[in-house]
Amino acid sequence: MTRPSQRSEALVLRYTDYGEADRILTLLTAEYGLQKGFAGAARKSRKRFGATIEPFTRAVFSWRDGRGQLWSLQDADLVAAHFGLRNDIKRLAVASYGVELVELLLHEGEAQPLIYALMCSFLSFLDQQGNPETARLLVELRLIYLLGYVPHLLHCSECLRIFHAEPIRFDIARGGSLCLDCAGRTGVDIALGTVGSLSRTLKVAHDQFQGFQFGRKTLQEAQFILSQVLDSVLPREPKSLKFLAQL
Amino acid sequence: MLGSLPTFARLEAELSKLPGIGGKTAARLAFHLLRTNEHDVTALADALLEMRRNVRFCRRCFHIAESDVCGICTQDSRDKQRLCVVQEPQDLLAIERCRAYNGLYHVLHGALSPLDGIGPDDLKIAQLMERLDREPIEELILATNFTVEGEATALYLAHLCKERKLRVTRLAHGIPSGSDLEYIDAGTVQQAVDGRRELQFK
Ligand SMILES: [Zn+2]
Ligand SMILES: [Zn+2]
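Protein sequence lines correspond, in order, to chains A and B. Quick note, our numbering runs 41 ahead of the 1-based positions in the first sequence. Quick note, our numbering runs 466 ahead of the 1-based positions in the second sequence.
If you're looking for bench data, these hints aren't it; they were derived computationally from the structure. Any given hint could be a false lead.
Derived EDC-like pairs: lysine to aspartate or glutamate, alpha-carbon spacing no greater than 20 angstroms straight-line [claimed, not checked]:
(1) A/85 x B/646
(2) A/85 x B/557
(3) B/546 x B/562
(4) B/483 x A/58
(5) A/283 x B/582
(6) A/77 x B/582
(7) A/283 x B/587
(8) A/85 x B/651
(9) A/88 x B/646
(10) A/131 x B/562
(11) A/88 x B/651
(12) A/131 x B/588
(13) B/490 x A/61
(14) B/628 x A/129
Owing to the predicted nature of the structure, the values given are computational and were not obtained by experimental measurement.
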């Protein structure tokens, strides 16, 4: 009657405590995308799950089909605990923000191998004390790209003219970058360097985080552009964003 | 099924609001109370009401108290130069049980959680800083949990205290005493290795 258990590598995004000792984990996997798993008695005994039932952990879980869509988790082998995230509140906040974006943007059960690889590198980069601003820009931009929300950057959204010089305006309601003729009174001025950097960044492998150096202005303008895109697609404001603002 | 038993259904509904109590446990408790004599049931109901009326949070340390200031804050024998910060009153009680600590406490009532949007303003952190201004505290012991949230909170508090003339310490953690290394999970072993300390020879 009991089917053999399967094994899947996953990132733990979040948990909810259930009953006296159980825990429900929100997992991100390559093959199944977002997936909920039930870890029975996980809070009482550390034997089966150890430190793997904490957010940001990467582990290989053995599971069986459980009630409804819930996996019944059997045990887990740690791949990376990412304890480095606990040494820096800013990095932890950015890691939480990336994880919350994934939860808000993905549907349960859809295979997401590229997003899985992206999130593994994102957490490992922050764990290794990578720059949090860079990590935030890269994860926002790449999630937007992989989910098909990337705006027009290096050409005008409406007349498709390619930009070789400023001025460039940006207005997400009209598709992204705009030339002055098309923009009229709408949009916000944006530097050619910023849209250029973003579009060059998209040509780099999506799981690469090392070796980026963004200037102050690029970071600021990119954050404005990416927040506009995210505001237009997110079902609600991420809670971790409010936390980041408090730091 | 319980439509014709509104009083019983109401008790069940109230019990199932308690943490860790699902529908089945609520029903079991309700049936148990049904069979309990009236005296014991009244005692339980009184205890609940009196707790609600009399128990509050200490205005100094935010531990539970039956007057403005709790029993620990008013104890003369306490070492007033040490302050131990915990997440919840239960954590304070756990430290009291070990009898190894005789200083004062501060209960935060939670931990920072970026994922849930729980920031510094949602905890008793401003009140802690006021105490550090006012009281002659020399050592701040961070005893928040060893979870992501607890560690983040400890880190944040340590950061806030950077400029103060204060010794900031964190509880040690790692391998539980009395256990064999081979049976400990990888994460715990990693933390124990990271947090290893020099052996002192005298
Ligand atoms: Zn145009
Ligand atoms: Zn007190």
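Violated hints, by number in ascending order, as checked against the structure:
10
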